[in-house]
Amino acid sequence: MPKVKIARKSTAIDMTAMCDVAFLLLTFFILTATARQPEPLPVDTPASTVTTPQPDKDIGTVTIGKGKVFFGVKEPAIRRSMLEKMSGIYHIPFTEDEKKRFSLMESFGVDMNNLKTIINLDNTQRNKEGFQPGIPTDSVGDTRSQLAEWIYQARYATKEINNADMRLSIKGDAPEEYPAIQKVIKIVQAQNLNKFSLITSLRAAEKK
Amino acid sequence: MAELNTGGGGGGKGGKIRTKKMSTRVDLTAMVDLAFLLITFFMLTTSLAKPKAMDLVMPDKNEDKPEDQLKVSENRTLNILLGKNNKVEWYMGRLDNIIGSAEVAGFGKNGIRKVIMDKQRSVTALTGDPKKGLVVLIKPSDKSTYRNLVDILDEMAVLNVTQYAIVDIHPLEVTNLLKRDNIY
Numbered sequence: 398m399p400k401v402k403i404a405r406k407s408t409a410i411d412m413t414a415m416c417d418v419a420f421l422l423l424t425f426f427i428l429t430a431t432a433r434q435p436e437p438l439p440v441d442t443p444a445s446t447v448t449t450p451q452p453d454k455d456i457g458t459v460t461i462g463k464g465k466v467f468f469g470v471k472e473p474a475i476r477r478s479m480l481e482k483m484s485g486i487y488h489i490p491f492t493e494d495e496k497k498r499f500s501l502m503e504s505f506g507v508d509m510n511n512l513k514t515i516i517n518l519d520n521t522q523r524n525k526e527g528f529q530p531g532i533p534t535d536s537v538g539d540t541r542s543q544l545a546e547w548i549y550q551a552r553y554a555t556k557e558i559n560n561a562d563m564r565l566s567i568k569g570d571a572p573e574e575y576p577a578i579q580k581v582i583k584i585v586q587a588q589n590l591n592k593f594s595l596i597t598s599l600r601a602a603e604k605k
Numbered sequence: 009m010a011e012l013n014t015g016g017g018g019g020g021k022g023g024k025i026r027t028k029k030m031s032t033r034v035d036l037t038a039m040v041d042l043a044f045l046l047i048t049f050f051m052l053t054t055s056l057a058k059p060k061a062m063d064l065v066m067p068d069k070n071e072d073k074p075e076d077q078l079k080v081s082e083n084r085t086l087n088i089l090l091g092k093n094n095k096v097e098w099y100m101g102r103l104d105n106i107i108g109s110a111e112v113a114g115f116g117k118n119g120i121r122k123v124i125m126d127k128q129r130s131v132t133a134l135t136g137d138p139k140k141g142l143v144v145l146i147k148p149s150d151k152s153t154y155r156n157l158v159d160i161l162d163e164m165a166v167l168n169v170t171q172y173a174i175v176d177i178h179p180l181e182v183t184n185l186l187k188r189d190n191i192y
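Note that the protein sequences, when read in sequence, are chains A and B.
The first sequence begins at 398 in the numbering used here and counts up by one.
The second sequence begins at 9 in the numbering used here and counts up by one.
Bear in mind the hints are in silico, worked out from the structure with no lab data behind them.
Heads up, some of the hints might be wrong.
Claimed, not checked - Okay, derived cross-link-like pairs now, DSSO-like style, lysine-lysine, Cα gap no bigger than 27 Å in a straight line: (1) Lys454(A) / Lys122(B); (2) Lys151(B) / Lys583(A); (3) Lys463(A) / Lys187(B); (4) Lys122(B) / Lys583(A); (5) Lys406(A) / Lys28(B); (6) Lys58(B) / Lys463(A); (7) Lys92(B) / Lys463(A); (8) Lys28(B) / Lys556(A); (9) Lys140(B) / Lys92(B); (10) Lys556(A) / Lys454(A); (11) Lys58(B) / Lys28(B); (12) Lys406(A) / Lys92(B); (13) Lys29(B) / Lys580(A); (14) Lys58(B) / Lys592(A); (15) Lys465(A) / Lys29(B); (16) Lys592(A) / Lys28(B).
Chain A extracted, bound-state conformation (with noise of 0.2 Å):
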């Protein structure tokens, strides 16, 4: 009987296609990838069913979480601007270099009086987890607290240069008891802005 031979296929077998699509997703991947910022004040955000994204353009952001406060802008422009009126209202100078790096920040939470010290570092001390204290909360006697002028400033600064309403959107910690958000709250509401947004995760869809 003559045995049956097995043809000995070669192993290398054609990469192309794979290749292909690897470098396709690869290029999908990287075109729609942004980068995430490093947070200074890292939040848990709770999940809901709301399905509308958070804009881009005219956003203020708070954040709240582990009893602090971080307030941050979108665009560069509008914090800088608004880094301008904040220090002719406490009678703090900045140089030209202080006030370009401080537009490039994302978010800070530090007391006024300790901004310029912050802005000096770089961004690895900066955005150490726990170093920010927060924006003070609390106002001193008749003038309004740090946290209500940067909102009001940085609304100013958002009508002054896209001649549009800021949004403001609180980010808050899950496990964060109400009172830090409801503090946060009536620091907006005695400014006359009733509407604003709090930032969400989506909900896987719950079975029905």
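Got chain A sorted already, so can you dock chain B onto it with the hints?
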């Protein structure tokens, strides 16, 4: 490449130097490896899911014009008090005139959602006018968390409750109800 063309003597056809025909196929394995490595990297670092924005409208405070404030009948009002440990307490009516009784419920499908759905139905039946539906007052206590607040607002959105407001909790509600039921 680095091979030497040995044993070229073979035929020796006129001593012509023949360039060896090389295969046009390149080994793509390394390239694919690299591509997949990068894909993995980008997939893990991108946040495809953009954060969502839940719109919230707070009642206007206008304290200088109290006559503008809308009065709502008590039997349409559902009060939801947010307590600790992800529990809520609800009652109909007003604190000094509770209709029925105050009860504790949890979050989710079998908890507060069921209550709200029940009340939506009974209130619409009571008023006989779909426009005069249920009014929900959300009262977060100091012990409730931000997650609770978002959860209850989400219930409002899910159940299409159009009239709701976040209101400050009354101290008596804390002492008489939440403390009694041990959720403060």
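Return the numbers of the hints above that this structure violates; sort them in rising order. 1, 4, 8, 9, 11, 12, 13, 15, 16
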